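Those letters in the sequence shown? Residues 1 to 266, per the working numbering, in order.
Worth flagging that the hints you see were computed from the coordinates, not collected in a lab. Predicted, not measured: the structure shown is a model, and the values here were computed from it. Glycine included, every Cβ here is placed at the ideal spot set by N, Cα and C. A portion of the hints provided could be inaccurate.
Stated by the list, open to error - Label pairs and their in silico Cβ distance ranges:
1) Asn120 x Ala92: 15 to 25 Å
2) Lys99 x Asp143: 15 to 25 Å
3) Thr191 x Asp145: 17 to 27 Å
4) Arg34 x Ala127: 40 to 50 Å
5) Ala205 x Ala225: 28 to 38 Å
6) Glu193 x Ala131: 18 to 28 Å
7) Arg144 x Ala225: 19 to 29 Å
8) Ala225 x Leu200: 22 to 32 Å
9) Arg220 x Gln89: 18 to 28 Å
10) Pro251 x Lys107: 42 to 52 Å
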Amino acid sequence: MALPKSKNSLSVKKPSASATGGSAKTPSRKGGSRSLYTPAEVHEIFRRFSVQRPEPKGELDYVNPFTLLIAVVLSAQATDAGVNKATKQLFAVADTPQKMLALGEAKVGDYIRTIGLWRNKAKNVIALSKALIDDFAGKVPEDRDELVKLPGVGRKTANVVLNVAFGQHTMAVDTHIFRIGNRIGLAPGKTPEQVEQGLLKVIPAEYMRHAHHWLILHGRYVCKARKPDCPACVIADICKSKEKTTDVPAPLVSIAPLKEAFPAEV
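Turn these sequences into a full structure, and let the hints guide you.
See below:
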């Protein structure tokens, strides 16, 4: 699909085979379908996201890698706002595995009672805290294989922690990212892991640090589940979704960042 000519859109040239060391098409990958976008188009998508949100932040409140880990575990089947409301007081009294373990399952449960599945989550928080103390000297490991061994921690949670707390180039595929990967054809896949692997292959390394947050925020506020807000989309001219309603991109202006809840580098 050729890019529509518009005074509001930027020209995106398809690189030649010689410039990329081979075909400009994205190679297919096991288990997933091929991206609908050329490397040049993907680069332009994330360049615009970077202009729109130079330093994107997540919406979970936390103060260190441990509280980030706990917040992400608690966010399963819950809203970030709901988790923040519950953890504000919890993290004020327990911001380390040692303090959380000392607090105990019952008291942790009292703090997070407003969160869905709170009983099981309180149990996991205590078990997770004990495991960190026993196996990692109270420190959050910087390795996915080690993180997913912790109670209540899956691949998505591990990827969030590795990316946000430690700056690793991981991609945590939540419902928003899974939807975007398939809806616009950026990284189609039948499973979150297929979409994850597809995104890791097509997103330029220079944009991987913040790609996770850019895609989540785009899915949460623009490419929404029920109906995408295409007039507010800065990549509307590049987007190849069958659902889009306009080819004219929204003005590319910087959006005020969310409040910073954690130091940029840890």
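- prompt: Broken hints, numbered, in rising order?
  reply: none
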